[in-house]
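Just need the whole structure built from these sequences, with the hints factored in.
If you read the sequences in order, they're chains B and S. Residues 1048 to 1289 (this note's numbering) make up the first sequence, in order. Residues 3 to 165 (this note's numbering) make up the second sequence, in order.
It is worth saying that the hints were derived from the structure and are not from the lab. From the three backbone atoms N, C-alpha and C, an ideal C-beta is built for every residue, glycine too. It cannot be assumed that every hint is accurate.
[As the list claims (entries may be wrong)] Calculated cross-link-like contacts (lysine to aspartate or glutamate; reagent style EDC-like; alpha-carbon spacing at most 16 Å):
1. B:Lys1221 to B:Asp1173
2. S:Lys80 to B:Glu1225
3. S:Lys70 to S:Glu155
4. S:Lys80 to B:Asp1173
5. S:Lys70 to S:Glu82
6. S:Lys70 to S:Asp142
[Unchecked claim] Distance windows between CB atoms, simulated:
7. B:Lys1244 to S:Glu151: 50 to 60 Å
8. B:Gly1201 to S:Glu155: 45 to 55 Å
9. B:Asp1194 to S:Ile69: 42 to 52 Å
10. B:Gly1201 to S:Pro115: 39 to 49 Å
11. S:Gly154 to B:Thr1158: 49 to 59 Å
12. S:Gly154 to B:Pro1099: 50 to 60 Å
13. S:Thr135 to B:His1224: 17 to 27 Å
14. B:Pro1099 to S:Ile69: 20 to 30 Å
15. B:Arg1113 to S:Thr59: 40 to 50 Å
16. B:Asn1227 to S:Pro137: 31 to 41 Å
17. S:Pro49 to B:Ser1125: 21 to 31 Å
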Amino acid sequence: MEKPLPIGQGALPLRRILLLSWTLAAILAGGVLNGCGNGDSGDALRGMTRNPPSDVGGISLPDQSRKGGIQTTALRPSGDDLLLVYFGYTSCPDVCPTTLADIRQALEGLTPGQRNRVKVGMVTVDPHRDTGRDLDEYLGHFFPAGDFLAFRTGDQQLLHKAEAAFGASHRIGKPDHEGNYDVDHTAQVYAVGADGKVEVEWPFGTSGDDIAYDLKALLDRAVGSGSPEPEKTQQTEKSVNQ
Amino acid sequence: MKTRISRTVIFTCLAILSAFLIGACGGSDGGNGGVQVTDVWARVTAPSQDAGAVYMTINSDQADKLIKASVPTSVAGKTELHETVDTSGNQNSTMDGTEPMMGMRPVSSIAIPAGKTVTLEPGGYHVMLFDLTGPIAEGDTIPVTLEFENAGEIKVDATARTQ
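This is the structure in structure tokens:
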């Protein structure tokens, strides 16, 4: 299935190319993406902001991170907190662990008070191979404090709807004779604010320091602004496991 | 007089020969046609992560190609040279606000231009380990055999770390 590709000499690694192109995009795309924070705050963020921001407030997925039942949970934080959302899969050897390690490094750069206000939610784009338990254990490796959400749904339509709201996507490759397949996926990390809007998104390769910088700015901005409680339902999803 | 000249000539010859030998040795530090491999590391794996990656820095004083990398089957079932690439099919995908799609593709070789440093690093080239037989933990050492087109086989050890 996979064909070897010829290699150019001295090729730049993708994370540098992506950072470079995102920087160019930020400069050129003006109305769509802004490298700086929008006019509301005046705070310059290091990640990318969209105008208008993506509204993901209506998206809920089964969180399989908790023992004793699956809870359908909104992909938005509680109170003035932030929820960082990432779409990936556990057998991903390069991109996903790099990004999750960058997030972990960013969280380590926060004060304990700030740290308590940020949660990480990962959505598996490979629910066929990733069980809820796989995802829970995977995230527990990066975030041992357990303050994460492990989103997994076997309902492809629901997954696509969630991805579309964020601007994310994935593509499952054709299985080889051993049943192995590639997974291509967008690799942004999205910071969702209490109003269900994506406040900023970081492309693959954004350093932990830059993510931490933005998190601090967003948390400072959110203090005292007041926000609704997240929707949370206590129902158990029946169709998640294939 | 004659004898003295002869001695001088002999000493001079020896000096030149020694310098040449020392110079030759210095130039091929690490042997194998001048290829040097440093900072070889594997990423610590999370539970349920059955694929891993090994990264390293390679330089060579003459043009070469990394054509193969392998680890013992006691570590991983299969090893391939890989590159993480933008597979969205749109080279300027970021220009119109769409997000780049990232995927991995096997590569037949990795070119090492003469005098240049090539880094296998997250988001770029890596040695992909399929079907890991167990988790890779912090501080683990994985023997990696690299095969270069000109320099031949070089054995290195990858040390596991988180990032």
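Legend entry - CB-CB spacing for Ser1125 (chain B) and Pro49 (chain S) relative to the 21 to 31 Å hint: 28 Å, holds
Inset, instruction - For the pair supplied as a hint, Lys70 (chain S) and Glu155 (chain S), confirm whether the alpha-carbon distance does not exceed 16 Å. - result: 9 Å, holds
Legend entry - Lys80 (chain S) paired with Asp1173 (chain B) [C-alpha distance capped at 16 Å]: 21 Å, violated
Inset, instruction - Confirm or reject the claim that Gly1201 (chain B) and Glu155 (chain S) have a C-beta distance inside 45 to 55 Å. - result: 46 Å, holds
Inset, instruction - Using the beta carbons of Gly154 (chain S) and Pro1099 (chain B), state whether their distance is inside 50 to 60 Å or not. - result: 58 Å, holds
Inset, instruction - Starting from Lys70 (chain S), check that the Cα of Asp142 (chain S) is at most 16 Å away, please. - result: 22 Å, violated
Legend entry - Restraint status (C-alpha distance of Lys80 (chain S) to Glu1225 (chain B) at most 16 Å): 12 Å, holds
Inset, instruction - Just tell me: holds or violated, for the beta carbon distance of Lys1244 (chain B) and Glu151 (chain S) against 50 to 60 Å? - result: Given a distance of about 53 Å, which is inside 50 to 60 Å, the answer is holds.
Legend entry - Pairwise beta carbon distance, Asp1194 (chain B) to Ile69 (chain S), judged against the given window 42 to 52 Å: With a Cβ separation near 45 Å, Asp1194 (chain B) and Ile69 (chain S) satisfy 42 to 52 Å, so the hint holds.
Legend entry - Range agreement (Cβ of His1224 (chain B) with Cβ of Thr135 (chain S), hint 17 to 27 Å): 21 Å, holds
Inset, instruction - Determine whether the Cβ-Cβ distance between Gly1201 (chain B) and Pro115 (chain S) falls within the hinted range of 39 to 49 Å. - result: Check passed, 48 Å falls within 39 to 49 Å.
Inset, instruction - Decide if the proposed pair is consistent with the structure: Lys1221 (chain B) and Asp1173 (chain B), CA atoms, cutoff 16 Å inclusive. - result: 13 Å, holds
In this structure, the hints that do not hold are numbers 4, 6, 14 and 16, in rising order.
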